[in-house]
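Engineer: Chain by chain, the residues:
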Amino acid sequence: MTPEKTAPVKSAVDKKTAKQEVKKESIMKEKSISTLRFVGLTSAEPLVRLLSGEEIKKNGMQLIRQVIFPLASIFLFLLVWHTGATYLYNKDAAIRIEKARTEQGEEAALAMKECIESGQAGCQPNTLPSPVQVFQASGALWADHQAISAKKDAFKAKVASINEKRAEKGQAPIKYTGRPSFMDQIGTSLKTVAAGVFLAMLVAIPLGIIIGLSETLRNSFNWLIQILKPVSPVVWLLLVFMIVKTVITDPDIDKSFIISFISVGLCAMWATLINTSMGVSSVNKDYINVSKVLKLNVGQNIFKIILPASFPLIFTGLRITVSVAWMVLIAIELLAQSPGLGSFVWEEFQNGSSDSNAKIIVAMFVIGIIGFFLDRIMLAIQNLMTFTKA
Amino acid sequence: MALLELKNVSKSYGSGSSKAEVLSDINLSVNEGEFVAIVGFSGSGKTTLINMINGLQFPDKGEVLLHGKPITGPGEDRGVIFQNYSLLPWLTVYKNIQLAVDKVFPSMPAKEKDLHIRKYVEMVSLTPALDKLPSELSGGMRQRVSVARALSMNPEVLLMDEPLSALDALTRGTLQEEIVKIWSRDKKTAILITNDVDEGILMADRIIPLTPGPKATLGKEFKVDFARPRIVTEINQDPAYKRLRNDILEYLMEIGATRKQVTGQKYILPDLKPTMPGGGILSLFSGKKKKKKTLEIV
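Heads up: the protein sequence lines correspond to chains W and C, in order.
Using this note's numbering, count along the first sequence one by one with no gaps and you end on 1170.
Using this note's numbering, count along the second sequence one by one with no gaps and you end on 936.
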């Protein structure tokens, strides 16, 4: 208050601009918080509030509860993992040494022990990798990705002029056919999932609406849905394989991609199908009465009343569909020999080099994190489409 | 000729032994421009009655005639204000009304349509809430949107199914006035279903009680010939108002008493004694002696 007394005019102006700034800041803060809430990252909210100096004690406690404790749990997880990995490493090492002793005698056992301690790749125990190894493997994968991209760019530059000529002649351009990097595999997997989910939407939503509208149809298809829903992804894959290999005979078409995305779609569409038919069949009777009183025709009734009313359930179904699609994708890629994270995991397992196991674990975390983000994206879309906001 | 006629209308639900006759032998004739209130007990089939007039349900026996022709389904000539607003929650106030206007006046130019919608929103004084969703409105505001929607269809008959029963007394009062104001300006025919005798007296020209179900039918009708506009505070002082109100209430009590006799079934209550405090789960942990004690009491 003292500066105000000494220079009242100036400080008043200062105060005004300061107030405006504070207001601007608080608007920005609220905006960022509502965005965070919207995508479901509520745990970051106290951090934003704390950074702006709002209710330090309360938000500090909340930060501890929502951020520090989860971090502690991650640390605990890493600790348990590390301990377990160390135990398994020692156990495998002991087995190897014992084996060498019984098969080749004391000298071989000593040599084996030395070899393991020296860290040579050939004689390392092949077991659960430790967190550190996994971290190193992720670094290695990233380096590998950069090396491959550099190669790709070089290749592109090299064939650029040739491709131009080929394009003039109407020929297909020459493409890079080298080994895909881990990042490329992720991209392929995401593409497959997107195609699968799109297929599921295309099939399940219209079918769900039709089934939902008629009780007769619902009753007649119910048994089929109930029987097919629990079928394993592997069986779907085989079924799709049987059909696709007969239908598509052109060898130039990438059959493995088609097979895998159709199987993913088939496995994942059930949640959407059931939710859509349930949503459509259980539209609030009041809305139906409105439609009747206004004498809406069939099309208007479906698009103006029934569909919007069942959007919340349809999008809940789609969210489940996306998470199921991502989950089955790995198994399907693995079996369909189609490129992607699934085949990456399988190849690493078959490969059996010293850091293969660590790479598999990296893939596991990447799969989990991508699945988490896909779910968050679907949650945001679901919130956007739900009209009954709290 | 009466605008709307119900002749010997009966309606029942279910079939066989579980068949329940809700309405029986209903005769009603409503003239053009008249405001009729039907007062009844809850569960007496009021909604069924109004649904048969708006064409959502059909009578088993008898007929419902509009302009002398039987009703075959819902129509634009009858605007309905539902008990629970029935607004579409994903549409704004404007769009909720637009849906009705689009349907009833398909050939109206867009500009005129816009003005038409705004006029009715203004009529229920909701212009500031034009682009709000129903979930952002209070109950009274939602019901006003519902009123605006029904009126925007410019119907001959306005059917109101307990439109104000879910509102608080103050909001109800203002909405009652508003509805009557709109009704008297546009000279519509109106049928109001209500369980509130005061509401009926304040709004209607005639009050017809519906006897309690099952087999509900219309009872003796009461004429309400107070001058309009009726103002609650003034009419409350009127001895004629008090008399009419008492007459209707007495009549309702009388027909309500017969209902009690019909459902004379006795409910035998089980002979329960309360357990003394300290007997709950806690006593299981606190030694055997205490537990025995509670058992004795029980």
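None of these hints come from the bench; they were simulated from the model.
This structure is a prediction, so every number in the text was calculated from the model and none was measured.
Virtual Cβ for every residue (Gly too), placed ideally from N, Cα, C.
Do not rely on the hints blindly, as some may be mistaken.
Claimed, not checked - Chain W residues, not near chain C, derived (Cβ > 12 Å throughout):
(1) Thr815
(2) Val860
(3) Asp872
(4) Met963
To be verified - Using 30 Å as the maximum straight-line C-alpha spacing, the simulated DSS-like pairs for lysine-lysine come out as follows:
(5) Lys853(C) x Lys1072(W)
(6) Lys1065(W) x Lys911(C)
(7) Lys825(C) x Lys1072(W)
(8) Lys804(W) x Lys770(C)
(9) Lys1075(W) x Lys770(C)
(10) Lys861(C) x Lys1065(W)
(11) Lys1065(W) x Lys699(C)
(12) Lys770(C) x Lys1065(W)
(13) Lys707(C) x Lys858(C)
(14) Lys880(C) x Lys811(W)
(15) Lys699(C) x Lys1075(W)
(16) Lys707(C) x Lys809(W)
(17) Lys858(C) x Lys1065(W)
(18) Lys1065(W) x Lys880(C)
(19) Lys733(C) x Lys699(C)
(20) Lys1072(W) x Lys751(C)
(21) Lys1072(W) x Lys819(C)
(22) Lys733(C) x Lys645(C)
(23) Lys880(C) x Lys825(C)
(24) Lys1072(W) x Lys858(C)
(25) Lys751(C) x Lys1065(W)
(26) Lys880(C) x Lys1072(W)
(27) Lys1075(W) x Lys858(C)
(28) Lys1075(W) x Lys880(C)
(29) Lys955(W) x Lys936(W)
(30) Lys645(C) x Lys911(C)
Engineer: The structure should be examined with respect to each hint, and the outcome stated for every one.
Structural biologist: Structure-based check of all given hints:
1. Thr815: Given a closest Cβ separation of 21 Å, the condition holds.
2. Val860: The claim holds: Val860(W) sits with its nearest Cβ about 35 Å from chain C, beyond 12 Å.
3. Asp872: About 50 Å separates Asp872(W) from the closest Cβ of chain C, which puts it past 12 Å; holds.
4. Met963: 40 Å, holds
5. Lys853(C) x Lys1072(W): The given pair, whose Cα atoms are some 27 Å apart, holds under the 30 Å limit.
6. Lys1065(W) x Lys911(C): 44 Å, violated
7. Lys825(C) x Lys1072(W): 25 Å, holds
8. Lys804(W) x Lys770(C): 26 Å, holds
9. Lys1075(W) x Lys770(C): With Cα atoms ~25 Å apart, Lys1075(W) and Lys770(C) stay inside 30 Å; holds.
10. Lys861(C) x Lys1065(W): Violated: Lys861(C) and Lys1065(W) sit about 36 Å apart, past 30 Å.
11. Lys1065(W) x Lys699(C): Distance of about 25 Å is within 30 Å: holds.
12. Lys770(C) x Lys1065(W): 23 Å, holds
13. Lys707(C) x Lys858(C): Given pair Lys707(C), Lys858(C) holds - Cα atoms ~26 Å apart, limit 30 Å.
14. Lys880(C) x Lys811(W): 58 Å, violated
15. Lys699(C) x Lys1075(W): 25 Å, holds
16. Lys707(C) x Lys809(W): 64 Å, violated
17. Lys858(C) x Lys1065(W): 34 Å, violated
18. Lys1065(W) x Lys880(C): 40 Å, violated
19. Lys733(C) x Lys699(C): The given pair, whose Cα atoms are some 39 Å apart, is violated under the 30 Å limit.
20. Lys1072(W) x Lys751(C): Judged against 30 Å, a Cα distance of about 22 Å means the pair holds.
21. Lys1072(W) x Lys819(C): It holds: about 28 Å lies between the C-alpha atoms, which stays within 30 Å.
22. Lys733(C) x Lys645(C): Distance ~38 Å between Lys733(C) and Lys645(C) Cα, so the pair is violated.
23. Lys880(C) x Lys825(C): 28 Å, holds
24. Lys1072(W) x Lys858(C): Not satisfied, since the Cα-Cα distance of roughly 33 Å exceeds 30 Å.
25. Lys751(C) x Lys1065(W): Holds. Lys751(C) to Lys1065(W) sits at ~28 Å (cutoff 30 Å).
26. Lys880(C) x Lys1072(W): Violated - the C-alpha atoms of Lys1072(W) and Lys880(C) are around 41 Å apart, more than 30 Å.
27. Lys1075(W) x Lys858(C): Distance of about 35 Å is beyond 30 Å: violated.
28. Lys1075(W) x Lys880(C): It is violated: about 43 Å lies between the C-alpha atoms, which goes past 30 Å.
29. Lys955(W) x Lys936(W): Given pair Lys955(W), Lys936(W) holds - Cα atoms ~8 Å apart, limit 30 Å.
30. Lys645(C) x Lys911(C): The hint is violated at about 55 Å.
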